[in-house]
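**Student:** Sequence:
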Amino acid sequence: MAWNTAWCSVLALWLLWGAVCSNAASGDGNAFPFDIEGSAVVGRQDPSETSDSRVTMGRLPPAAERCDAGFFRTSSGECSPCDCNGNSHECLDGSGFCLHCQRNTTGEHCERCLAGYIGDSIRGAPRFCQPCPCPLPHLANFAESCFRKNGAVRCMCKENYAGPNCERCAPGYYGNPLLIGSTCKKCDCSGNSDPNLIFEDCDEITGQCRNCLRNTTGFKCERCAPGYYGDARIAKNCAVCNCGGGPCDSVTGECLEEGFELPTGCDKCVWDLTDDLRLAALSIEESKSGLLSVSSGAAAHRHVTDMNSTIHLLKTRLSERENQYTLRKIQINNSENTLRSLLSDVEELDEKGSRASRKGTLVEKESTDTIDQATQLVEQAHSMRDKIQEINSKMLYYGENQELGPEEIAEKLVLAQKMLDEIRSRQPFLTHRELVDEEADEVQELLSQAENWQRLHNDTRSLLPVVLEQLDDYNAKLSDLQESINQALDHVRDAEDMNRAITSKQRDHEKQHERVKEQMEAVGTSLSLSADSLITPRLTLEELDEIIKNASGIYAEIDGAKNELQGKLSNLSNLSHDLVQEAVDHAYNLQQEANELSRNLHSSDMNGLVQKALDASNVYENIANYVSEANETAELALNITDRIYDAVSGIDTQIVYHKDESDNLLNQARELQAKADSSSDEAVADTSRRVGGALWRKGALRDKLTEAVKQLQAAERGDAHQRLGQTKLIIEEANKTTMAVQQVTTPMANNLSNWSQNLQTFDSSAYNTAVNSARDAVRNLTEVVPRLLGQLRTVEQKRPASNVSASIQRVRELIAQTRSVASKIQVSMLFDGHSAVEVHPKVSVDDLKAFTSISLYMKPPPKPAEPTGAWVEDQFVLYLGSKTAKKEYMGLAIKNDNLVYVYNLGTKDVEILLDSKPVSSWPAYFSIVKIERVGKHGKVFLTVPSLSSTAEEKFIKKGEFAGDDSLLDLTPEDTVFYVGGVPANFKLPASLNLPSYSGCLELATLNNDVISLYNFKHIYNMDPAKSVPCARDKLAFTQSRAASYFFDGSSYAVVRDITRRGKFGQVTRFDIEIRTPADNGLVLLMVNGSMFFSLEMRNGYLHVFYDFGFSNGPVHLEDTLKKAQINDAKYHEISIIYHNDKKMILVVDRRHVKSTDNEKKKIPFTDIYIGGAPQEVLQSRTLRAHLPLDINFRGCMKGFQFQKKDFNLLEQKETLGVGYGCPEDSLISRRAYFNGQSFIASTQKISFFDGFEGGFNFRTLQPNGLLFYYASGSDDVFSISLDNGTVVMDVKGIKVKSADKQYHDGLSHFVVTTVSATRYELVVDKSRLGSKNPTKGKAEPTQTTEKKFYFGGSPISPQYANFTGCISNAYFTRLDRDVEVEDFQRYSEKVHTSLYECPIESSPLFLLHKKGKNSSKPKTNKQGEKSKDAPSWDPIGLKFLERKASRDSHCHLSSSPRAIEHAYQYGGTANSRQEFEHIQGDFGEKSQFAIRLKTRSSHGMIFYVSDQEENDFMTLFLAHGRLVFMFNVGHKKLKIRSQEKYSDGLWHDVIFIREKSSGRLVIDGLRVLEERLPPSDAAWKIKGPIYLGGVAPGRAVKNVQINSVYSFSGCLGNLQLNGASIASASQTFSVTPCFEGPMETGTYFSTEGGYVVLDESFNIGLKFEIAFEVRPRSSSGTLVHGHSVNGEYLNVHMKSGQVIVKVNNGVRDFSTSVTPKQNLCDGRWHRITVIRDSNVVQLDVDSEVNHVVGPLNPKPVDHREPVFVGGVPESLLTPRLTPSKPFTGCIRHFVIDGRPVSFSKAALVSGAVSINSCPTA
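The sequence shown begins at 31 in my numbering and counts up by one.
These are computed hints drawn from the structure, not numbers from a lab.
Nothing false has been slipped in among the hints.
With a cut-off of at most 25 Å between alpha-carbon atoms, the simulated DSS-like pairs for lysine-lysine come out as follows:
#: 1; residue 1: Lys960; residue 2: Lys987
#: 2; residue 1: Lys1628; residue 2: Lys1611
#: 3; residue 1: Lys872; residue 2: Lys1047
Quick list of simulated restraints, FRET-style, between CB atoms:
#: 4; residue 1: Gly257; residue 2: Thr1745; range: 52 to 62 Å
#: 5; residue 1: Ala1622; residue 2: Glu481; range: 19 to 29 Å
#: 6; residue 1: Ala1622; residue 2: Arg485; range: 17 to 27 Å
#: 7; residue 1: Val1598; residue 2: Lys1562; range: 19 to 29 Å
#: 8; residue 1: Lys1562; residue 2: Ala1622; range: 22 to 32 Å
#: 9; residue 1: Arg1597; residue 2: Val1627; range: 21 to 31 Å
#: 10; residue 1: Glu513; residue 2: Lys1516; range: 32 to 42 Å
#: 11; residue 1: Gly1691; residue 2: Asp1305; range: 50 to 60 Å
#: 12; residue 1: Ser950; residue 2: Ala1347; range: 44 to 54 Å
#: 13; residue 1: Arg1597; residue 2: Thr1759; range: 49 to 59 Å
#: 14; residue 1: Thr282; residue 2: Ala310; range: 25 to 35 Å
Glycine residues also receive a C-beta, built at the ideal position from the N, C-alpha and C atoms.
With the hints as constraints, model all of the structure from the sequences given.
**Tutor:** Here it is in C-alpha cells:
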C-alpha cells in the first residue's frame, strides 16, 4: 500500500489522471469521476448508483438523517432531486443551488460554461463546455471568454493577444500563439523606442526592436550605438564619444588606440551569443514556471514530452554552437595576428603621410604669406605712385605760379621730410582700420535689425484684423456664455423644484411598494396567463401579414395628401398681404389638424392593434433565438414562487402546481422553437421591420418637406399695384382652394376619431374599416407629387428672388430623398396577371443611352402538372423605353417557357432567347435575372441559387444589333418604365405584346443603382389585400447582405446615446470598415454645440477635424505622408483612438498612419452620425466655419464599433436611406474625370488594328484634348482626340474626322470606332464617317502581346494636350473575354484622376440659343449692339453667358474664363474694392440702392459712401454673417440689422433705401426691415467716391467696426441707384469677374489688366534669384518688371510664346531669351527662373537654360529696385523698352532669393487681379 501511495504521488505530478490514486487506494469504483481542466471526458450520473439508505423523495427525514447525494432538503423538510443538468451531485439545502459543478460549468444550476469555455452545458455531449478555440482549444487558449455569433466563434482575447481567434500578438507584444508552448510577451526595448507610440514597437514574432532611439542599438536597444558611450538601459545617457571620430569604450567613453578598430566579426558573434544566451535564459525561466504550475493531465504530459525533446534539441544545438565558437575563436586569433602586422604597416604609412602633410601645410602657409606681402607691396606702390603724382602736380602748379628762394625751398624740404618721417612711423594704420571695420560691422548689424523689426511690424499689422475678428467672436461667445449661465441657473432652480417633487413622489412610491408586497399573490395568476401570451403570436400573424401589405401604400398616400396641402398653400403667396395672411392662417390651422391626424395615427399605431401585432411578431421571432432566456425566466419565476410560499405557510401543493405549469410552459416554448426553425415567416417579419423603419423615416422626411415648402409662401409678390390688380382674380381661386382643402381634411378628421375609438377596442374589424376608409380618402391624392413638381417648374420659370429658387430646390431635394428611401425597400410585389407598376427610372436617361443594365428577382408561379386555362406560358415582364413603343426600347418577357430579352435601337428588334433553362424548371424560390446592353451588344443572365449551400447555377446568352445605331436615344419626357404589365391605354410593341406577368417580382438595380418597385409613379389594378409579397431568403445567394450597409450619397445613419453600450475611458476607440470608389465623403461626425468631431475622406485620403473646446481652436489630423489611400473599392479597416484624453491616433488596416497631441479634454459627445448627416446639421455655423466637406458618403460600410461594441445601423430609428448588403455593381467605376494633367492606363489583350470595335461616352467644355491613345511602335498609333471641337480618329496616320465641330458643349456624346481590314469607321452619337484602309491586301499579324493604352492623356504623346472632362461607359472587343463595360478601378495606372464625380456642366450657350423648328436667323445688329432676343442671363439667375473675347490661337485655355455677367469677385487683400467717382442722382432726400451678393465670409464691407470728414455716411456691411445697413441722421446713427445670416454661399438680392430719417432693408424681396429716427434739420451732404466691396486704407474706421472695414470676400453684382445701373468703376483694386467652375491656389491676372507691387522687403538689385510658376492664357505679356530712378531696369516678358529678359545696368541694354519646345500656353504650369549676378543674367524655362554676359559697370550702384508683377504702368517704361500688354493667366509659388512672396501682403494690387484664387477651366 505504501508503494501504491508513492506511485500515486509521482503520477499526480507528472502523468494523466488524478483519479487513479483514489481507485488504487480504496478500490471503490462508484466514486464520482474527477474531471481535470480541459478534459473531454463526460461523467455519467446514474440514479441507480446512489446509496440504498437515502431518504426517498417526498418523505420527511429524521433530524439526524441527511438527503442522499443528488437530493436536497427543502424548507418543508422533503428531499427533492438536485437540478444541476447532470453536472453535479451536490446542491445546497433550502435553495437547491448546485455545488462543485463539474465539466467546466458554473451557475446556480451548473447551466453556464466557465469563463474561457464554450458549449451547451445543459444538453451535454457533443455540445458540452470545451475550452475556447482561441486559437487552439487545449494547449493554446488565450481567451478570457468566447461566444457564438452568426454561426462563428467570437473570442474575447486576453490583454496580450489579438485577432478574431487570438491567433496573433497584440501591438506591443511578440510571440507566436499558434505554436504550442509559445506565448505573447511584452516588447522590451529598454525604454528606448518611440515615445509617441502607446506601445513599444518590436517584431511581432522574434521581439527584436525595430526603431531604437536615444543613440542606442541592439536586439532590445540595450547598448549604446557605435560612436556613443553610456548606460542605455537605466540611465539612458548615451553620449557622443569625444575621440575625434575614433573608437571609444561603449561604457566608460575612454578613447581607444588611434587606428584601432573593433573586430566586427568577433563583436557580432559576441553580441549574437549574448542575445541567444539571454533568450535561452528567458526560455528556461518560462519552462521553470511552467513546471511549477504543471497540472496532472494528458495535456501536461504531452507538454512535458515536448519540453524534454526541446531541451534535448537545445543541448544538441548548444554543443554545435560551442564547437562553432571554438572554431571561430581560432579563426579570430589568426585574424588578430594578421591584423597586427597590417596595423603596423598602416601606422608606418600614416606617419609618412603625416610628415608629408605637415611639409605641404608649411609650404602652403609660406606661399600664402608671400602672396599677402606681395599684395600689400603692390597696394603700397600704387598708393605711393598716386601720392607722387599728386606731389608732382602740385609742384608743377606752384612752380608755374610763383618762384621760391633757396631758403624757402630748403625750409619746405625739411618740413616735407618731417611729414614723410611721421607717415612712416604711423604705417600701416592698422589700429584705425580696425576701428573703421568694427564701426562698419555695427552699422550693418543695426541695419539688419531694423529691417527685421520692420518685417515683424508689417506681419503684426497683418495679424491685427485676425486678432480683432477673434476678439469679436470671443465677445459673441461671452454673450452666449452669459445667456447659457442664466439658463443654467434657471435649470438649477427647476432641478431643485423637481427634487422636492421627486421627494414627495418617493414617499408615495414607498407606500405603493408596501401595497405591491401585498399583491404578490397575483404572481400565480400571471404565471398561468404567461402560457396564453405565447399563443398570441399565432393569433396575430395573419393580422400582421395584412398590416405589412397595406403599410407602404397607406403611408405613401398620407404623404401625398400632405404634399397636396402644402402645394395649395404655396399658391396663396401671390395674394395681397391681408388676404394672403388670412389664407395662410387658415391653411396653417388645417395643417395643424393634418399633423394632429398624423400624430394620432402614430399614437394609435403605437398603442393599438398594429403595435400589438408587431410585438407579437417580435415575440414569435425571439422564441427561435432566445430559448435559453425563456428557460432562465421560467426558472426565476419558480424560485420567486418558492420564496413567496416558503414565507407563507409552506403549502406544498401550490409549489408542485407552479412547477408543473413552468414545465408545461417550457415544453410549449421548445415546441414553438421547433416550429420556428422550420418556418419561413422569419423573413416576412424581417421584411416588416425594414418596411416599418423605412416608413418611419419617410415620416421624418415629411416634416422636413413641410418646413421647406413653407418657405414657398414667401415668394416675390411683385409690384404693389400689380398685386392689387391680381387680387380680385385670385380671391375666387383661393376660396375654392380653401374649400377643397376643407373637403379633403374633414373626412380625414372624421376617420381619425373612428380609428382612435376602434383601435382602442382592439377590434380587427374596426381597424380594417378605418384602414379602408383611409385608403379611399388618400387614393384621390396619388397625383399630388407630379402636380406639385409641375407647379414648381412653372414657378421656377418666373424669375423670382433667388431664395425662392433655393426653396424650390430644397423641396426637390427632399422629394428626391424620399424617393431614395423608397428605392431602398427591398420587398417584392405579387402580380396577379392584371396588375402593373410604373416605376421612377431614378437614373438620368443620358446615362442609359450607351449602357443599360437591369437586374431583378423573379419567382414565377409553379407550372401545374396539367396546365389549365389559368396557366399562361407567354408573359410580359417589363418595358423601358419610349412612350410610342415603336422604337428605342428594351424589355423582358417569357415566350414558350423561355426567358426572352428584347431591345430596339431604332430600326428592328433584337431578341435574345435564353433556352438553356426553361422557366417551368426554375425552383420555387427567387432567381436573379439581369439584362444588359453595351452599345449594340446585349446579354441576358440567369442565376439560380441553392437554399442548402452557396452553389449557384448560372446561364448566359448574348446577342448583337445588326444595324448601325449603338444608342438608346431616349428623352426624359418620353420615357416610361413599366413592370409586370402596362395600363390599358398603352400599346406594347409586337415582340412584347403578351399577357401580364403572374408571380412575385422584386427590382434590384438599374445601371448599378439600387431601385425598388415601391419608388413608383403609378400602380394599376394592384390590390394590397390580395397581393401578399413573397418572402425572399436573405441568404439565397452567395453574398450575404446582412453584414454590410450601402450608402448611396444621400443616406446616413444616426446612433443616439452611444454610451449605452460603452463608456468613454482612458482609451476611447471607434472602428469601422469602409469600401468606396469615391474621392470625397463624410465618414463619421459628432456635434455638440460649438464642439465637433469629423472623420472625412478628401481626394481618397483620410482627414480628422475635431474641437472639444480647445483654447487654440480646432485640430486637423491628416495623412500628410499619403500612407493609406482608401478609395480603391476595397475594404479598409479604420480605427480612431483617443488616448488619455490628449492624443488622437489614426490607424488604417492596423497600421499607424498619423497621431497628434492636443489639450487634455474629454470627448463631449453622445450621438454619432455615420456616412453623412442632415443638411441642417451640416449647414450649421460651427461646421461651415471649419469643415471643408459636406458630402455624404457613397459606398459600403460594415463593422461599426464603439469601444469594441457592435451596432446594427439598420436598427437605429433615425437611419435614413441605408440599404442592406454591398452590391458589387454599385462599386464599379464606369466613369473617370480628367483635369488636364491626368490619365489612366491599362494593359490587356486587344487587337486595335484588326477586327476592333470600341466606344465610350465623353463630356467636356474644352475644344482640344486626347481622349484615347495606343501605340505599339513609332508608326502604329491608334488615337481618338478632340481638335477644336472636332472628334478625330487617327489610325496609323489615317485620320477620320467628325462633321460637326461642336462637341465641347458640356453634353454627353458617344463615340464608336471600328477598325477592319477594309475600312476605318468613326461614329459620333449617330453620325457615321469612314475611310478606306490603305493597307488593304497587306498581311497584318494580329497582336496578342499586352501593351499599355491610355484614356484622358498620355505621357508618351507630346503632340496632344491631355483631356479635361469625363469619359464613361467604355467598352472594347477583346481577344480573351466578352464585351463589357470597363471598370476603371481595375486599371493599373491612375494619375490625378477622379473615378467618381464628373463636375462638368452643360454650356449656357446651348441652353440659351436652341434653334426653333421654324425660326429664322436673327437680324444682324450693328457692331457692339446686342440682339433684343438674346437674354443676358438665364431664368434661374445663377449661370450667365461666357464672355466673348478674342482667343489666342496658341493657347489651350480661353483668355476669359466663364464668369457671371455684371458680377465681380472681391477679396484676397484687405482693401480690394471698386471706386465710382461720378454719382448720378440726388442723395439729399432719398436714395435707393440695389445689389446682388454671394459670400461665405462672416465679415466684410459691401458699400460705403461719405463726405470728406465722414460725418455724413451710408454703408452696408456684413457682421457675423448678418447684413447691417447704417447711416447717420444728424449726430445719431440709424442701424438696421438682419436676424438671419446670409454667409451661406447663395445669391441674395438686397435693396437698402434711405429716405431722410427713415431706412428700409429689403432682402430677397421677402424680408422687409424698417427703422426710423426723429428728423434732423442738418443738411446731409455726400461726396464721392462710392466704395464697393471695400474701402481705401484709413476710411470707414470712424463709423464701422474694424472687422467689417476690411474687404468683402465674395461676389457682388448689378449695382443700381434709384433703378439705374451705375456706370463703370473709375478705379479697381484686386477685383476680377466672378468666375464659375473649379478654382485652385494661385494669383490670377485678368484680361482687363492689372499688376501687383511687392512690399519693400522684396527688392531686386545687382544680385538676386527670382523663381515662379505660370499658366498663361495669352502668349504675350509682362511677367516681372523692376526699375530705378537712373534708368536701370529689369524686364521679364513673353512674346509669342518666347520668354525674354531685358536688362539695363547703366551702361547699355542686353538681353537673353528662351523659346521652349513645349508651348507655354498649353494649359499646364511652367516654371521660370531668372538669376542675376552683376552683369551675368541666366534664364531657365522648365528644363531649358540660356544666359547672357553684359558689359561690366565700373561703378555699379545697388539701387534695390521695386518689383512689379503681371504688368507695369506705361509711364514707368523707358523709350528703349517697347510697351508690352499685361500678363493674362495665373502665377503661383513666387520666390525671391529663397523667400516666398505673399501677394496678399503686397504694397499695391491694382486692376483686375485675384489673389489666392485662380480658375482652372
